[in-house]
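A.B. asks: Residue numbers (the working numbering), protein chains in the order written: chain U, 6 to 297; chain P, 390 to 1162.
Misleading hints may appear alongside valid ones.
What the simulated footprint calls covered on chain U by chain P, stretch by stretch (three residues with Cβ under 8 Å from a Cβ of chain P suffice, anywhere in the stretch; the number is not a length) [what the hints assert, rightly or not]:
1) 6–20
2) 85–97
3) 194–201
What follows is a list of derived Cβ distance ranges for each label pair [as the list claims (entries may be wrong)]:
4) P/471 <-> U/195: 53 to 59 Å
5) P/534 <-> U/168: 33 to 39 Å
6) U/165 <-> P/1076: 30 to 36 Å
7) U/234 <-> P/534: 27 to 33 Å
8) U/195 <-> P/829: 21 to 27 Å
9) U/60 <-> P/413: 26 to 32 Å
10) P/405 <-> U/233: 58 to 64 Å
11) P/1093 <-> U/251: 49 to 55 Å
12) P/1102 <-> U/270: 31 to 37 Å
13) P/573 <-> U/195: 25 to 31 Å
14) U/286 <-> P/1076: 33 to 39 Å
15) P/829 <-> U/168: 55 to 61 Å
16) P/829 <-> U/251: 47 to 53 Å
Read the hints as simulated data drawn from the structure, not as lab findings.
Each residue gets a CB set at the ideal place from its N, CA and C atoms; glycine is no exception.
The lines below spell out each chain.
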Amino acid sequence: MKPPPFEYHAPPSLEEALTLLREHGDEAKALAGGQSLVPLLNFRLARPRHLIDLNRIPSLDYIREDDGALAVGAMTRQRAVERSPLVRERCPLLAEAMPLVGHFQIRNRGTVGGSLAHADPAAELPAVVTALRGALVARRPGGQRVIPAERFFVAYLTTALEPDELLVEARFPAPPPRSGSAFLEVSRRHGDFALVGVAAVVTLDEGGVLTHAALALTGVGPTPVLAEEAARVLVGDRPTPQAFEAAARKVSEGLRPDADLHASAEYRRHVAGVLARRALARAVEQVGGGAR
Amino acid sequence: MAGLIGASIKRKEDPRLLTGRGRYVADLRLPGMLHAAVLRSPHPHARLRATDASAARALPGVVAVITARDLGPVGRIPVRLGPRPSLEACLQPPLASDRVRYVGEPIAVVVAASRYLAEDALERITVGYEPLQAAVDARLAAEAGAPALHEALGGNVVERLLTQSGDVAGALAAADRRIRERFVVQRHTGVPMETRGLVAAYDAGTRLLTVWGVAKVPHWNRRVLAELLDHPEHLIRVVELEVGGGFGVRGEFYPEDLLVPWAAMRLGRPVQWVEDRREHLMAANHSREQLHDVEIGVRRDGTILALHDRFLADLGAYIRTHGVIVPELTAALLPGPYRIRNYRCEVLCVLTNKTPTGTYRGPGRFEGTFVRERLVDMVAGALGLDPAEVRRRNFIQPEEMPYEVGGAALGQPTVYDCGNYPGAFETALAAIDYKAVREEQAAARRQGRHLGIGLGCVVEKAGLGPWEYARVEVDGSGQVTVYSGAASVGQGLETTLAQICGEELGLPAEAITVIHGDSALVPFGIGAFASRGAMVAGGAVLEASRRLRAKILALAARLLEARGDDLVLDHGRVHVRGAPGRALSLRDLARAAAPGQPLPPGMEPGLSAQHFFEAPRMSYPYGTHAAVVEVDAETGQVALLKYVIAYDVGRAINPAIVAGQFVGGLAQGIGGALYEELVYDADGQLLTTTFMDYLLPTAMETPAGVVAKILEETPTPLHPLGSKGAGEGGSSGAGAAIANAVADALAPFGVVVNALPLSPDRLLRLILNPGSG
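Put together the whole structure using the sequences plus the hints.
C.D. replies: What follows is the structure in structure tokens.
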């Protein structure tokens, strides 16, 4: 479990990192917190010729409000997000999901950008940014583009980033008033990748009718899965147990998950529905308790 | 020092371990040291054609590539416990030569300037494999016509064992109720925090070969190494260093235990090999995989009349050092704490194309306790009785001790030495507040919550001999050192032995140095397994200390011109009772005992004494586990709410260490109950080779506030202190208690819980489809 040979680069600025990335393209991998990449290297499953270490680029480490969204720099440690009062205030869904990412030792090193760019469909952060209809900011030398979350995650461990592009920021839009959210998951052990997870976001109108609902699921497809049909049946209705039950059925019906060592496809379909129902109820409770 | 035995003093080992000063084998750096990596078979079963290592040898930094051809004719690794002629055909060679039989089997060793380079070289070795059909499922492997692993064996059944007492068929026929069930215990194993590792160095001048990292049974391993290398045993020195967990797995003689010293001798340079986690999960012993078909016959009142078990033990591809003792122990102890006059157990020991197996903490007892205790709960369910009541009606009573069970293991008939099974049971029930939890369960059910209570009664075995060695010395400065032939795998051996010696010599434990695990310093020894440290190693230290004490007092009596029984030995001094001024220090006495000094008639010079403690019979510690769980019936998740272990160790030398053994053992038992499984696919590929796939419970999965009731009700007559081993009882009842609790929680669904681990997927399948057990 030692990596094959690679050339190590530790650029001190974003510009130099982007230049290196352009120079080496497909043969390079960016190293952020290393919580996924380093094991892949040690198992010799990833064999990049060049490793571009981003840990000496301070300008990518920030959490701030920007144009109605919460903007998080790609090299921000997950633990910093977890502890940020600003995140708790402006993006409760993100705050709720963070403690579910690995263990705190992992979150001390793991970064927001690293998790998103790694695009593991079982991970929490991709589902959060998808449920919130957030966006990812990519840079290349002399250029920048903003990619909506639903187009960023392309396939298993695959994003829309080009070989010369670096993810520099994740943007989580602030929810409108009278919104609530919840993140629930089932994992074998504390800190494991979840068998199934659900990020739920709801918005109610003055009369208590659902005007918006979003459910993003982890662990049930090659990317985070938006349960759009389930959301559609909820909007325009009151948030009743019967409505949640109907939405949960839609969630389960719409999924074609794969089986793995830890859970069958049937397990994931069933539990996705259970968690969706519970997460919706909890998200609506958050509206009642806080933002009303 | 009086009162030292029985005191929860802090462990002597911990200051160095907790401050990062412990020295493990991976910490060792010798000048010119090379690093080894092992090429392992990716195939479960294949013939080996030509191996081409030329590209690997050509890589800069690579010093050697060793294949079976380079190794030449070497012996196979012998059985340590319970050798039988029938096993000889299936012993493992250090390197595969013409055939590989499991994924992970060593084929070649690369020695290079770094582990990185060694692993680069592994990728450049080409091996011609001609895949063969693999025997993966023990049931199919046992049948005629299955792919055979060892042609000399003729089939894959390596041994059939039979244990029998009474008339099972007659008693079953007479029973009011008979229950048959199939139980599956999954393949899993001990996973120490520190993987295996070795450093070997050879001094060509003195011909001394030194091997560091030899754990658990260093003296035995030295003998095997001497035979396989054909090198004189006295010219091999083995050194243990710190060991980060053993659990039965670490320290047995494996192929690498020959290959690394062989490479060091051949190359004339020190060689280090540190197993990585992927290697550990595929190469170190697996354990526990058994399939039981059991029938129990009972009276209407729950009295057990007969037990008939037929089980398959999947032993993997080769017979390793443990022979067939795991199935043997399973059969010997399956009856547990109950009076079962009619008992029959037929065992098929089957070889498959999977990693070879050995013991793991509570070998045979984790498995058998799960089977037996689940059956008892099924009896209770079938008869409409409380499971606690069924147990009460069947316990062997204290006045029936010693109690002959009928079977045998490790060459000893199973005779329980002493015990108060009902006493430990009631202690556990009181500690978990059984009645109150039953009421809580009823209330929770009315709210749609699924609480369950599970009991698991255990009879363990401890103190396997045949003997252990100890020497206790006072050096010229008056300091006391204990030399023990036992080994430390992290269980607090140094502290326990220091307490026993200190009690006799009137010294605090911190004043006593304990040396173990170095064959140059301790010439004789057995090791660390079968819960034998406190009993057998402790017995040796106790007797050696008593002899030394007698010598000290005899010498002091002469010098102080006092009677021996007027003397007090305390705090490193001997004084005359009532006259503290008439005193000699241990230093004075050590000097007075030097050669040439006038000594009492017949006394040898030197303040030292030694003892071989012989332990012809094992003791059988026992206890009860009680668990309370809540199952989420929509997701299949299990939450452990409360856990009690009440366990009788006869006499606890250090209760804090004993409690630590219970809780640490429980963590592993929880792993076996809920999380851990070594999974093979249908072709024989091992799928669980990382900690993302092989799920060890962490602190987060171990319930807070485990109640450890250490009982000292029945000191064993087999030991001068009455102590029994404490190392395994924390594990062996956990599968039973947790499975019973889960089954109890899910009773309204009518599910049959008969297989481990109880993963959410398995439980949800049972809940949604109760017939699927």
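A.B. asks: Given a hinted range of 21 to 27 Å, is it respected by the beta-carbon distance of residue 195 of chain U and residue 829 of chain P?
C.D. replies: Roughly 25 Å apart at Cβ, these two residues keep to the hinted range, so it holds.
A.B. asks: Within 27 to 33 Å: is that where the Cβ-Cβ distance between residue 234 of chain U and residue 534 of chain P falls?
C.D. replies: Given a distance of about 52 Å, which is not inside 27 to 33 Å, the answer is violated.
A.B. asks: For the stretch 194–201 of chain U, does the count of residues with a C-beta closer than 8 Å to a C-beta of chain P reach 3?
C.D. replies: Three-residue rule met by the stretch 194–201 of chain U, so holds; n is 6.
A.B. asks: Range hint 25 to 31 Å: satisfied by the CB atoms of residue 573 of chain P and residue 195 of chain U?
C.D. replies: With a Cβ separation near 27 Å, residue 573 of chain P and residue 195 of chain U satisfy 25 to 31 Å, so the hint holds.
A.B. asks: Indicate whether the distance between the beta carbons of residue 286 of chain U and residue 1076 of chain P respects the range 33 to 39 Å.
C.D. replies: holds, 37 Å
A.B. asks: For the stretch 6–20 of chain U, do at least 3 residues have a Cβ located nearer than 8 Å to some Cβ of chain P?
C.D. replies: Coverage by chain P holds here, the residue count being 5 at a Cβ distance below 8 Å.
A.B. asks: Holds or violated: 47 to 53 Å for the Cβ distance of residue 829 of chain P and residue 251 of chain U?
C.D. replies: violated, 34 Å
A.B. asks: Between residue 829 of chain P and residue 168 of chain U, is the Cβ distance one that fits in 55 to 61 Å?
C.D. replies: Holds, at about 60 Å.
A.B. asks: Quick check: does the Cβ-Cβ distance between residue 471 of chain P and residue 195 of chain U fall within 53 to 59 Å?
C.D. replies: violated, 41 Å
A.B. asks: In this structure, is the beta-carbon distance linking residue 1102 of chain P and residue 270 of chain U contained in 31 to 37 Å?
C.D. replies: violated, 52 Å
A.B. asks: Return holds or violated for the Cβ distance of residue 60 of chain U and residue 413 of chain P against the range 26 to 32 Å.
C.D. replies: holds, 29 Å
A.B. asks: Does the Cβ distance between residue 405 of chain P and residue 233 of chain U fall inside 58 to 64 Å?
C.D. replies: holds, 60 Å
Figure legend: structure checked against the earlier numbered hints; hints not met, in rising order: 2, 4, 5, 7, 11, 12 and 16.
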